[in-house]
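*Asks:* Protein sequences appear in the order of chains A and B. Counting from 1, one number per residue, gives the positions in the first sequence under the numbering used here. Counting from 222, one number per residue, gives the positions in the second sequence under the numbering used here.
What the hints contain is simulated information worked out from the structure, not anything from laboratory work. Values in this document were obtained by computation on a predicted structure and should not be read as measured data. For every residue, glycine included, the Cβ atom is placed at its ideal position computed from N, Cα and C. Honestly, I wouldn't trust all of these hints.
[To be verified] Cβ-Cβ distance ranges computed for the label pairs, FRET-style:
| # | chain 1 | residue 1 | chain 2 | residue 2 | range |
| --- | --- | --- | --- | --- | --- |
| 1 | B | GLU288 | A | ALA43 | 47 to 53 Å |
| 2 | A | ILE41 | B | PRO314 | 42 to 48 Å |
| 3 | A | ALA43 | B | ASP375 | 51 to 57 Å |
| 4 | B | GLU288 | A | ARG119 | 24 to 30 Å |
| 5 | A | GLU40 | B | THR350 | 49 to 55 Å |
| 6 | B | ALA264 | A | GLN39 | 35 to 41 Å |
| 7 | A | ASP106 | B | GLY321 | 43 to 49 Å |
| 8 | A | GLU127 | B | GLU345 | 16 to 22 Å |
| 9 | A | GLY169 | B | GLY329 | 27 to 33 Å |
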Amino acid sequence: MRVVWGCLAAVALTLAVALGAAYVMRGSSPGLMVDQPKQEIFAEPGSVPIGGQFSLEDHTGEPVTNDDFAGKLRLIFFGFTNCPDICPTTLAEIARTIELLKDDADAVAYLFVTLDPERDTPDVMAEYVKAFDRGITGLTGTVDQVDAMADTYRVAFEKIGMDGEAFQGSGDYLVSHQGNTYLMSKSGEYLTHFSYGTALEEMAGTIREAIARFGDADGET
Amino acid sequence: MTVRVHPIGLLSLFVLALAIPARGQDKAAISVQQPWARASILASRPAAAYLTILNKDDRAATLVALETPVAGRAEVHRTVKQGDVMKIVPAGPIEVPAGGSVGMEPGGYHVMLMDLERPIEKGEIFTPTLRFANTSPIAVSVPVLGPGARGPEDD
């Protein structure tokens, strides 16, 4: 008799634990969220008039155009090497993102375009980008070339004096500029952008998703 | 085992306990936490330093100037966001409220180090003096982290 009760108790306990576990797992199951529509984070390539042809010089002094990066997604960000605050932070975050992406990192070209070509010669750019990650390509050019590139990417920028007022034409200056980082398709079409301060994991996750959807060598969109 | 407390030892502890807060109120009303700077890579490029100023006093303290031998000029600047555009402007005097603090971090307040005498390199420590309008100046030891550091814990 005691054995029977013991067995029954054991069965009841097992059942209770199993049911409890099932209930808890059901509550946290990601499967329940599948039906919710996911917000589209990428623009249809070609639908947003940001990006296009450009002609610049890389940090080794070689001329480069948009087509030289064909076959890779591009992460493009703008700045200048005399920038003490935002630019090093952005470059450092791009370097960390490259680390987070690990093997996927090679599917993307990382392009840092200077908005201060007068001071940022290829040599200066080379010195600067290598302090962050050797996977980052520094781009500079003539003032006209950089203006054209910035225009194509809708990047507003302006020289300002160290006093924060409009630059008077002599002495030191900074460049106030748009802080967005663009993610472009393999042919240089706008997919999405990241505002300054976007969490690294979020940026890496979005880039991974873009690689999966737009980065396949045969899946040219 | 017995523990014997020497009466003079006990007395000196008591005196010490009284002395420390009195001294603390006087000298440590203003303190700095988590100072760090980024290596400048080249001397021609301005560098940035970041720190948090704590004010335990019952009146506000106003940071009016910074001096350091490594830079010809050191000023607090602030990155402000106007739409998508980031702009750096001098912050002017920085008021640290009574019992409060002012923090500096990338994308906000920073000490811009201009006209560098030489590149500021990773691993070194420099000691700027912070001058306040209404209280004694303090010297702060600022460790220089790598050019890609984003905060005091980075390298």
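*Asks:* Looking back at the numbered hints, which does the structure fail to meet, lowest number first?
*Replies:* The structure conflicts with hints 3, 6, although it agrees with all the remaining ones.
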